[in-house]
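Peer 1: Put the complex together from the two separate chains, hints included.
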Amino acid sequence: MPTAAAGSPMSDSELPGQLPRAARPVYLNLIAIRQPIPAIISILHRLSGALLFLVGIPLLLWAVQQSLASPDAYAALRASLAHPIAKLLVLGLVWAYLHHFCAGIRYLLLDLHIGTELTPSRQSSYVVLIVSLALTAIIGARLW
Amino acid sequence: MVARIIVGAHYGWKDWLAQRATAVVMALYTLLLLGIALYQGGIDYASWTALFAHPAFRIATLLFGLALLWHAWIGMRDIWMDYVKPAGLRLALEVLTVLVLVGYAAWLFEVLSGAGR
Chain W
2 MPTAAAGSPM SDSELPGQLP RAARPVYLNL IAIRQPIPAI ISILHRLSGA LLFLVGIPLL
62 LWAVQQSLAS PDAYAALRAS LAHPIAKLLV LGLVWAYLHH FCAGIRYLLL DLHIGTELTP
122 SRQSSYVVLI VSLALTAIIG ARLW
Chain B
554 MVARIIVGAH YGWKDWLAQR ATAVVMALYT LLLLGIALYQ GGIDYASWTA LFAHPAFRIA
614 TLLFGLALLW HAWIGMRDIW MDYVKPAGLR LALEVLTVLV LVGYAAWLFE VLSGAGR
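Protein chains in written order, with this note's numbering: chain W, 2 to 145; chain B, 554 to 670.
Accuracy of the hints is not assured; some may be wrong.
[Claimed, not checked] Once the Cα atoms are required to be at most 25 Å apart in a straight line, the calculated SDA-like pairs of lysine to any residue come out as: (1) W/Lys88 / B/Ala580; (2) B/Lys567 / W/His114; (3) B/Lys567 / B/Glu663.
Please keep in mind that the hints were generated in silico from the structure rather than gathered at the bench.
The following block holds chain B by itself, in its conformation from the complex (with noise of 0.2 Å):
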């Protein structure tokens, strides 16, 4: 009998699709903020708040926003997997790191919120 060692297929590529997508959500983000901020020859108080103040630029912000905390929810959890051998240190640190990104992600819809009023 072949001793198999039972791992679940299928899981890594979606992983592997999500990092690469969110990468492209943040990158055309980063650009349209350049082209913003290059088109209008610089970014003042008064420019600034009337662009959180549109809706459109609130909601690409959040994606982008969304999409930085998946990004870096897979990111980190790679890293834990390929240095931390200890099982449950690494739990540990995925854990702590899932509770960052939470926190950050409150953090995130509370700054929107409040550009909104």
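Okay, chain W solo, but in the shape it has when bound (with noise of 0.2 Å):
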């Protein structure tokens, strides 16, 4: 690696305590990298989203369409959402709406610039988290 004279302009791939551009690691594994409380949210909100396209909405397409069926219908949607296993699934969407719901929220304030300091944007981050996990957690303890 040559050594740029004291003066010279230096390139970028010459500063002084560096390696060269093309030696230097590619460290993007997302799964290593910690990540910054907004930037969970947003991958929340993605997988709550996806989790709510593939299962949320034939499910409640579905529980509708029974609920409004017959009185027996409606008693059979209720009698099969009370198995422990349908309570957890529900219980597993009802985070993802009230997840995405909250984070939406915050997206459309931040959209409106509000709260877009990197202050205010940490402090809502986890307002959204907790705010949306207390509320799965209070429908949790009504449903069980």
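Peer 2: Put into structure tokens, the structure is as follows:
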């Protein structure tokens, strides 16, 4: 590696104490990088959205259809949703809806330039995480 | 001569706006339903079917459903665009997503037309 002469302009691959650009490690393992809290909220927003699309919408359509069909179908729906595994599934989807809802409100506020500074945006991320989990816990307690 | 990447302009903001407008519609419907449930002190079969017997509520539900499907399309397409690099696979997933959404829409119409009877 050529050393830059004192006073001569340096290209960015010759900065002192740094490896040439090509030799620098590319480290983009998303699992290993410690994500800041707004990034976690963002990933959970996508994850919950995909979950709602794949599982939430068909289950909701089926449940509404059953619930309106007849008193018997309504009672049967309630009975099948009383199964512990069904309750767990519903609870997961309730969390997905609540997280997507709360994180979505946060994004709408950010669009309106509310809370875009670093500290408020971190704080609102924690609020989204905690409020959606707390509401899920309250609904879970009512389900069981 | 400058090598330009030719892309259409001004199509992204429509999806951006639609994503947010549909989100607001869904949030309002959610609060409406929550308000009704709290006002009635819970929901049973009689009050639930009475609610769906109201044309206004069925229209609101239809709006919610269509907003949901439109919103889901934008969101899922964004996910495929961001994470699936091979163009053929991405196109296949997008087409599949559209088919699923059209299926959901047909199901929604069936549920709502059945509720009116």
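Peer 1: For every hint, state whether the structure bears it out.
Peer 2: Comparing the hints with the structure gives:
| no. | hint | in the structure |
| --- | --- | --- |
| 1 | W/Lys88 / B/Ala580 | holds, 24 Å |
| 2 | B/Lys567 / W/His114 | holds, 19 Å |
| 3 | B/Lys567 / B/Glu663 | violated, 29 Å |
The structure is inconsistent with hint 3 alone, although it conforms to all the rest.
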